[in-house]
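Number of protein chains: 2
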Amino acid sequence: MSWAVIFSSQRTDADPAGYAAAAVRMLDLAAQQPGYVGVEDARDEDGFGITISYWEDLESIGLWREQAEHLMVQQLGRERWYKSYHLRVCRIERESSFEQTANDG
Amino acid sequence: MSWAVIFSSQRTDADPAGYAAAAVRMLDLAAQQPGYVGVEDARDEDGFGITISYWEDLESIGLWREQAEHLMVQQLGRERWYKSYHLRVCRIERESSFEQTANDG
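Sequences listed follow chains A and B, in order. Take any residue in the first sequence, note its place counting from 1, add 5, and you have its number in this note's numbering. Take any residue in the second sequence, note its place counting from 1, add 5, and you have its number in this note's numbering.
Hints in this document: simulated from the structure, not taken from any laboratory. Among the hints, a few may not be true.
All copies of an identical chain are treated as equivalent in the list; a pair is satisfied when it fits inside any one copy or across any two copies.
Computed cross-link-like contacts, EDC-like style, restricted to lysine to aspartate or glutamate with a CA-CA straight-line distance of at most 20 angstroms [unchecked claim]:
1) K88 <-> D46
2) K88 <-> D18
3) K88 <-> E98
4) K88 <-> D51
Next up, chain A with everything else stripped away, as it sits in the complex (with noise of 0.2 angstroms):
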């Protein structure tokens, strides 16, 4: 069984090249992390994103959250980048995909 934490964020205007960097830098970091499973990430253009990332456990997931680098970026995202956020820790139940075989047509 995994996890999945959900960071749902309506972005600031302000510093989008410091944004961009920090973005990339932690989802490095990230995935350098013990547990780590993936991330899906997707944002509109209006500043309205959300990115989730997975968990082998909450154990993992507390480790990324006190993660030194990582909490001085939070700091920075609560100064500059978002709006507003919300964030949600949750364990996935079930899980099933669908994948477009070749068309005939």
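Fit chain B to the supplied structure of chain A, relying on the hints for placement.
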């Protein structure tokens, strides 16, 4: 305790008008379902998107999945609109939020 259904999808290029109309209609229909809490949605310019619907309980998620018009639209989604998708049913274990206060500067 509430629940989240994470729907991560990659759009095809097909039928953008039909897709857009169905998306609006489904958001509207979902909001009329018992146990509906809310929805969040973001899609990148490259067609990767995340839609999360929130529900009071697992039973409400089951009713929505089997809703007649929704079933037809799920079928169209697999035939036309989605290259691939991943569906995850999750129990929300913790949540927190942040709202930026007015700036002095």
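Status of D46 relative to K88 across identical chains (alpha carbons, at most 20 angstroms): both (18 angstroms within a copy, 17 angstroms between copies)
Could you place K88 and D51 in one of the four classes (within, between, both, neither) given a Cα distance threshold of 20 angstroms? Within. Shortest intra-copy distance 12 angstroms satisfies the 20 angstroms Cα cut-off; inter-copy 25 angstroms does not.
Classify it for me, K88 with E98: is the Cα-Cα distance of at most 20 angstroms met within a copy, between copies, both or neither? neither (31 angstroms within a copy, 24 angstroms between copies)
How do K88 and D18 come out at 20 angstroms by Cα distance, when the copy is not named: within, between, both, or neither? Classified as within; 9 angstroms inside a copy, 32 angstroms across copies.
Checked against the numbered hints given earlier, the structure breaks only hint 3 and satisfies all the rest.
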